[in-house]
Amino acid sequence: MNTVEQEAGKVARGLRRRDPSLIDHLIQQYQYRLFRYLLMVTGSREEAEDLFQETWIRVLEKGHQYNQRWKFETWLFTIARHLAIDFMRRRRPQSLDALLDPAGTTRPVELEDTTSSSAFDKAFQGEEAASVATALGHLPPSHREVLTLRFHEDMELEEIARVVDAPLSTVKSRLYRGLAMLREWLKDIYA
Amino acid sequence: MRDEIHERAIQLIDKGQVEGLTAEERNWLEAHLESCAQCQMRAHDTERAVRALRSAVLRFDLTLVLTTQMRARIRARELIEKEARMRALWISCTLSWVLGVVSAPLLWRGFEWIGYRLAMPKAVWITVFALLWMAPAVVVAAVIAWRQVRGSSVTAEQ
Chain A
19 MNTVEQEAGK VARGLRRRDP SLIDHLIQQY QYRLFRYLLM VTGSREEAED LFQETWIRVL
79 EKGHQYNQRW KFETWLFTIA RHLAIDFMRR RRPQSLDALL DPAGTTRPVE LEDTTSSSAF
139 DKAFQGEEAA SVATALGHLP PSHREVLTLR FHEDMELEEI ARVVDAPLST VKSRLYRGLA
199 MLREWLKDIY A
Chain B
377 MRDEIHERAI QLIDKGQVEG LTAEERNWLE AHLESCAQCQ MRAHDTERAV RALRSAVLRF
437 DLTLVLTTQM RARIRARELI EKEARMRALW ISCTLSWVLG VVSAPLLWRG FEWIGYRLAM
497 PKAVWITVFA LLWMAPAVVV AAVIAWRQVR GSSVTAEQ
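Same order as they appear, the protein sequences are chains A and B. Numbering follows the working numbering, in which position 86 of the first sequence is assigned residue number 104; successive positions increment by one, without gaps. Numbering follows the working numbering, in which position 53 of the second sequence is assigned residue number 429; successive positions increment by one, without gaps.
Some hints could be false.
[Stated by the list, open to error] Straight-line distance between alpha carbons at most 20 Å, and here's what the computed SDA-like set of lysine to any residue pairs gives: (1) LYS205/A with HIS420/B; (2) LYS80/A with TYR48/A; (3) LYS391/B with ASP421/B; (4) LYS190/A with ILE386/B; (5) LYS391/B with PHE169/A; (6) LYS28/A with LEU40/A; (7) LYS391/B with GLU177/A.
[What the hints assert, rightly or not] Ranges between beta-carbon positions, derived for each pair: (8) GLY396/B with ALA148/A: 24 to 34 Å; (9) TRP88/A with GLU406/B: 32 to 42 Å; (10) ARG34/A with GLU401/B: 39 to 49 Å; (11) GLU25/A with LEU475/B: 39 to 49 Å; (12) PRO512/B with GLU79/A: 27 to 37 Å; (13) HIS382/B with GLU25/A: 45 to 55 Å; (14) ALA517/B with GLU25/A: 36 to 46 Å; (15) ALA148/A with MET446/B: 27 to 37 Å; (16) PRO185/A with LEU475/B: 50 to 60 Å.
Rather than coming from a laboratory, the hints here were simulated on the basis of the structure. Glycine residues also receive a C-beta, built at the ideal position from the N, C-alpha and C atoms.
Isolated chain A, as found in the complex:
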């Protein structure tokens, strides 16, 4: 058994016991990454904050279902995603299509996206924060989602497919399209 499996086994046992110190540690460890993922999916800081809390409560409640053969973050993002979908279904049904797009087809940027273009403005800091925020604001949530899983989380494509519950071909299609859109938006911004 390698270190990753040992770690996953430790997490699985702790979750079954509902060990508060383990949960505290996991929240600390994954705080930034989970929040970034939720922000990318929802396009709203407030919603991401609500979902952040709900995700950890769900992790606690469903902890016994965690299978240590999976990486913990894959399971965590899957839970977060399901909650985000439920949340969107209640709040704004029209944006659900973007996240659940079963065919992996992309709608034209100007017709899609309920995310306000300023949603990311205050979310990022750093040299290129403003440009990235503007570009991300124009991408559909399903594309932002795979981009963050690939380029922020460095997940393998198979892992991404597991998290977003979509075929590998759909994941690739969204990644290529998302990357192309990001490149074009940034090119326009920098020009």
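Using the hints, position chain B against chain A.
Using the frame of chain A, we list chain B on its own:
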């Protein structure tokens, strides 16, 4: 230069970021980029997009972590207490069932005797026996159902 060559270079530039390239593809692309300014620009734009995305740092409010940790601790305590209560309930159910099974022949004879002494029709004392014998299971089922209804309404309120 032919369009198909540029097309292939463009595909490989994106593939390099998304899926990764084989050594052969990388060598071909590097050779092409050395002689094609247009594709070089494309590769530069793609790398810049990925770099910009990766370098964007999120503002994160640490009070969110503290609030979440507090909520999680409270919920963990609730769940542990609920599990302990449910465990006690199941142990009582099992004991009650075992006692019920063990005492059934004695109880049956007792009811038979009372029915005979009071000159009751057989159907009456058998019905009373069945009701009494099933009473613990009915009470437990009612408690579990009530708890589930209460639990789901509390969740809906939250």
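Evaluated hints:
no.	hint	result
1	LYS205/A with HIS420/B	holds, 10 Å
2	LYS80/A with TYR48/A	holds, 17 Å
3	LYS391/B with ASP421/B	holds, 14 Å
4	LYS190/A with ILE386/B	holds, 16 Å
5	LYS391/B with PHE169/A	holds, 13 Å
6	LYS28/A with LEU40/A	holds, 9 Å
7	LYS391/B with GLU177/A	holds, 18 Å
8	GLY396/B with ALA148/A: 24 to 34 Å	holds, 30 Å
9	TRP88/A with GLU406/B: 32 to 42 Å	holds, 37 Å
10	ARG34/A with GLU401/B: 39 to 49 Å	holds, 46 Å
11	GLU25/A with LEU475/B: 39 to 49 Å	holds, 46 Å
12	PRO512/B with GLU79/A: 27 to 37 Å	holds, 30 Å
13	HIS382/B with GLU25/A: 45 to 55 Å	holds, 46 Å
14	ALA517/B with GLU25/A: 36 to 46 Å	holds, 42 Å
15	ALA148/A with MET446/B: 27 to 37 Å	holds, 34 Å
16	PRO185/A with LEU475/B: 50 to 60 Å	holds, 56 Å
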